[in-house]
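Enquirer: Throughout the sequence shown, residue numbering follows the working numbering, covering 1 to 318 in sequence.
Heads up, some of the hints might be wrong.
[Stated by the list, open to error] In silico SDA-like pairs for lysine to any residue, Cα to Cα no more than 25 Å straight-line: (1) K196 / D102; (2) K196 / D223; (3) K196 / A169; (4) K196 / L60; (5) K196 / E250.
These are calculated hints, taken from the structure and not from any lab test.
On a predicted model such as this, the values are computed, not experimentally measured, just so you know.
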Amino acid sequence: MSLFWRIFLLNAAVLVAATMVLLLGPVTVSTPVVLTEALVLAVGLALMLVANAALLRVGLAPLHRLGRAMATLDLLQPAPRPIATGHAGIADLIRAFNNMIDRLEAERATSTARALSAQEDERRRVARELHDEVGQSLTAVLLQLEQVARHAPAPLNAELRQVQETTRAGLDEIRRIARRLRPGVLEELGLASALKALITEVTGHTDLAVTHRLGNDLPAMDDETELVIYRVAQEGLTNAVRHARATRVELSLQRRPGEVLLRVADDGRGAADAPEGAGIRGMRERALLIGASLEVTRSPAGGTEVRLRVPAGEASAA
């Protein structure tokens, strides 16, 4: 039972009991009870209950708003805080709730930053090991196969050539995985070149057609902001390939008044109404790290549209 009904029923019980005492007890207006007096008392009781209910509804309205805010709260999608209105204790309770949410968001942002930083370090380590150790080992195998194939008889030579092609394909795949784990082109050539390389890689291994528009007037951004934009674009393209079954994707990165907007829209099945998976929640966590906002909606083509809005304050000169 809600707090409103508890208080209301308690007050109603007291008022009904008082009315019954007045009607049936020795302290009555007249004895025996006169019908008109009973009607007057009944009407008075109803009016008191209505007034009591209205006053309680107004007084407890801030608590209802606080309850709705608590039920719909998502630390990955910041929303306006409940306004601290109401009398004494209610306003203090709302202020305490807002302070608690501020602390939770700050702690979550700090822990998420540490986790994502550790994740990027691990990605770099794995990419380096794949490139330096596994890649070099496969390269050595290719050279050995080349030497063996030169002296092998014709039937065996054809089979060795086939093994060489398989090994070379595996080496190319390992290098592609290493590039996805650690976008070296992002550090060396910048965000625009990294996005173009990402698009080339996606279209080279899938049937997906990607059109892109990258603004020429993008502001200078720090390394963390560029990495977040790159990872969001990467996750958007990955979702379009793996889950949306899309055939076309539009990727744009444009400078807007007060912000930099990344947009990834596909013509796939659409996932705007589906429960958010780990990929989208991961994008939201990354966006919060740089003070950006992420929107996942239905695209004009019927698929999914991802919008990352980076405030101009975050897209400033490094």
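Enquirer: All hints are to be evaluated individually against the structure, with a verdict given for each.
Expert: Hint check results:
1. K196 / D102: Since the Cα atoms of K196 and D102 sit roughly 38 Å apart, the hinted pair is violated (cutoff 25 Å).
2. K196 / D223: Holds, at roughly 18 Å.
3. K196 / A169: Answer holds: K196 to A169 is near 23 Å, not above 25 Å.
4. K196 / L60: violated, 56 Å
5. K196 / E250: Holds, because 13 Å separates the two Cα atoms, which is no more than 25 Å.
Comparing the model with each numbered hint stated earlier shows that hints 1 and 4 do not hold.
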